[in-house]
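Could you slot chain B onto chain A? The hints should help.
2 protein chains.
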Amino acid sequence: MEKWSCLNCEMIYEPDIYFPFCRQCNSPLIVWSKKKGRRFDLSRPSCLEKFKSFLPLSRINKNLLLGEGNTPLIRLFRLEKKLEAPFPIYAKNEMANPTHSFKDRGTAVVIQKAVAGQIKKIGTVSTGNMAASTAAYGAKAGLKTFILLKEDASFEKTLSTGVYGAHLISVKGDYGGLFKQSYEIGKKIGIYFANSCDPYRLEGYKLTSFEIYFQLGQKAPEYLFVPVSSGGHLVGLLLGFLELKREGYIRQLPHFIGLQARGCSPIVEAWEKNLTDIIPVKNPQTLAHAISNPSPPAGRLVLKLLYQYGGQMIGVTDEEIMRAQAELASFEGLFCDPASATTLAGLKKWRRLNPEVKPREAVLVITGSGLKDLSPVKERGKISLIPVRLPCLEEALVSLAL
Amino acid sequence: MEKWSCLNCEMIYEPDIYFPFCRQCNSPLIVWSKKKGRRFDLSRPSCLEKFKSFLPLSRINKNLLLGEGNTPLIRLFRLEKKLEAPFPIYAKNEMANPTHSFKDRGTAVVIQKAVAGQIKKIGTVSTGNMAASTAAYGAKAGLKTFILLKEDASFEKTLSTGVYGAHLISVKGDYGGLFKQSYEIGKKIGIYFANSCDPYRLEGYKLTSFEIYFQLGQKAPEYLFVPVSSGGHLVGLLLGFLELKREGYIRQLPHFIGLQARGCSPIVEAWEKNLTDIIPVKNPQTLAHAISNPSPPAGRLVLKLLYQYGGQMIGVTDEEIMRAQAELASFEGLFCDPASATTLAGLKKWRRLNPEVKPREAVLVITGSGLKDLSPVKERGKISLIPVRLPCLEEALVSLAL
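First to last, the protein sequences are chains A and B. The first sequence stops at residue 402 when you use the numbering used here, and every number in between is there. The second sequence stops at residue 402 when you use the numbering used here, and every number in between is there.
Chain A extracted, bound-state conformation:
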């Protein structure tokens, strides 16, 4: 039978989708397994089928798949040259997922579990990528879907979630309280709130690690740069590599470098002060909205795991993020959101701090698309449109093309 465990205090629990947290330390729980001898089935088209042996799923219901995962790993040749990096830099492009963010991998596993468990109602607390992802998979599965939004969520952003037919509820009140209450109410009335650190979401994120392992020719990257919001994504990626190690596929884990925006960086601040837990941020101020999480539920766990496995947290400013976003687009053709751009900004900062280290390779996890929020590009103000009358077009092009 499936068990869940706390990676922080090593307690074992019975699974309870309505309260996936440790009763001792409040850390999010993970699916716990001692199973060994897991196999890959790379001939399968979907990533859930390819890596089923590593997932807590007895079968894959293909009716619920949206084509998640199988995202490209792109080598950033031009940025390597610009940064004079004597090592390969790769981008794992999670924007290629069905709703254009990494969240789809997690939601895909959540939905398998929900439908297998005869659950008819799902929900999430989010204003961004997780809202759209949950609404899309909820639609595909024909479940009633409830998206709880902060009251200041822009109508623009909620449109691209509402289009999937989910119930959108804008909640006036404390966001931390909303997160907590979602579980209490969910349990009472039977709505499975698959929030950011849900154990099945983390199972989905493991698959990214497996794909990177194969895309690099069956090895782990030496350094992995990951944006950190709730902390769930980083923990899921680490779980993936831990399982590869346990199964003997790799000997060394990647060094995980977690990135936050300076304007909302509770885990970075705790890291820098050698604390074992985070202090919630009062006034988050960053344009990297997708990682602007003032009180990350997996904060304590991320700190512990990074200490344990030789990782690190780095904070980057909005200015550094905006520059990195522009560089990824104009050198590599990748238009990602500001949260994703923290990976490049962080790599640059990490190299300044560690000029002597020459990694074998570095992988940047590009978590979401720049299309979902154009305002940072607009604010940067570097894009100019040249107006020309048709008879003067040749002259204009000649002068630009020189």
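Bear in mind the hints are in silico, worked out from the structure with no lab data behind them. Among these hints, one or two may not hold up.
Since the list can't tell identical chains apart, any single copy or any two copies may satisfy a pair.
Calculated lysine-lysine pairs in the DSSO-like style (CA-CA distance at most 27 Å, straight line) [to be verified]:
1) K144 - K81
2) K187 - K358
3) K81 - K120
4) K187 - K36
5) K3 - K180
6) K348 - K150
7) K245 - K219
8) K349 - K52
9) K157 - K382
10) K121 - K187
11) K157 - K172
12) K282 - K372
13) K348 - K3
14) K62 - K81
15) K372 - K382
16) K358 - K304
17) K372 - K157
18) K348 - K82
19) K157 - K378
These numbers were taken from a predicted model, which means no experiment stands behind them.
This is chain B only, laid out in the frame that chain A set:
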């Protein structure tokens, strides 16, 4: 040596990227080949490598790839049920491409050719998906990139192209004249304008057909529904299936159903009147901007090919398009643009017109993401946000969840 030909009047030409049109009938030219014995190399990760044998490329330069293609084919189980369709309906999800549209397959081949031919400057005439795609691949390849926009192109849309660092030029004047002049100026000053019907773009679109063939278990779909703008995409898809037939992989071609929006449907109108060429539309009026092309360069060719191979053109209204867009999102979790939604709207209309036909299967080609233009979703006005205070959340959820 490579030759180009006109599928309409069967003339053979020397390749000239600066003028890829037939001097007799103005139809766009295609890459012409009598080569047989082409092979698939499915073990390769990128689609250009998998299908290289079918492409006019002597080698694939991996530095120029962005992870295009390899997009999912999703079965639309819930819509099949809703429509009471006694056959499988699939969506080929081209939104999973690097810049979220099918254009990336074409641009990927264009860029290979440009770099192999030492071309340093590329361009395109577009305000939408092709602009972003060309700018992204131009950035990846380090080429100077010129995007010519209509003067009324919204700043919002140009932002997501400008972010890649391309030169954006807004041209005041006739759009047809701009299209024509782009080639003349390009030839003079050495800018390769890879516009919608460029022969190498069409080579890229062939790969979609090959993928569908394999995803269906090595067979062609009986019906294929494709949005039609310039006509290049449909011609490219047909070329793919023609090559599969010539090589003996399939015996029957799919029936191609081309879709246009009633507010700008020059090819549908010519089809309905049994004309052999289109009459340009004066005042295009549709929210399906991606296919609002008043004078499709491949219009005459599309008409000829559909007559020849048993296809058809169908027009759908904006109302039908908006309904289909909402259905694809809320039943299947696919948030596509209005142009893509013509495929579902068209399938529904085609079934009303042909109630006796029971296809083996139908494939809808979903060409681009709904994220690039949220206004049709906003205008439809069906999305409501329910405001609730935190203490009343349980009550609100109970009433909604019943």
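Do the hints match the structure? See the list:
{"no.": "1", "hint": "K144 - K81", "in the structure": "between (50 Å within a copy, 18 Å between copies)"}
{"no.": "2", "hint": "K187 - K358", "in the structure": "neither (50 Å within a copy, 46 Å between copies)"}
{"no.": "3", "hint": "K81 - K120", "in the structure": "between (52 Å within a copy, 19 Å between copies)"}
{"no.": "4", "hint": "K187 - K36", "in the structure": "neither (33 Å within a copy, 63 Å between copies)"}
{"no.": "5", "hint": "K3 - K180", "in the structure": "within (22 Å within a copy, 67 Å between copies)"}
{"no.": "6", "hint": "K348 - K150", "in the structure": "neither (34 Å within a copy, 38 Å between copies)"}
{"no.": "7", "hint": "K245 - K219", "in the structure": "within (11 Å within a copy, 41 Å between copies)"}
{"no.": "8", "hint": "K349 - K52", "in the structure": "neither (37 Å within a copy, 40 Å between copies)"}
{"no.": "9", "hint": "K157 - K382", "in the structure": "both (24 Å within a copy, 15 Å between copies)"}
{"no.": "10", "hint": "K121 - K187", "in the structure": "within (11 Å within a copy, 60 Å between copies)"}
{"no.": "11", "hint": "K157 - K172", "in the structure": "within (17 Å within a copy, 33 Å between copies)"}
{"no.": "12", "hint": "K282 - K372", "in the structure": "within (26 Å within a copy, 34 Å between copies)"}
{"no.": "13", "hint": "K348 - K3", "in the structure": "neither (41 Å within a copy, 47 Å between copies)"}
{"no.": "14", "hint": "K62 - K81", "in the structure": "between (43 Å within a copy, 16 Å between copies)"}
{"no.": "15", "hint": "K372 - K382", "in the structure": "both (19 Å within a copy, 20 Å between copies)"}
{"no.": "16", "hint": "K358 - K304", "in the structure": "within (26 Å within a copy, 60 Å between copies)"}
{"no.": "17", "hint": "K372 - K157", "in the structure": "both (7 Å within a copy, 12 Å between copies)"}
{"no.": "18", "hint": "K348 - K82", "in the structure": "within (11 Å within a copy, 52 Å between copies)"}
{"no.": "19", "hint": "K157 - K378", "in the structure": "both (16 Å within a copy, 11 Å between copies)"}
Consistency note: the structure conflicts with the earlier hints numbered 2, 4, 6, 8 and 13.
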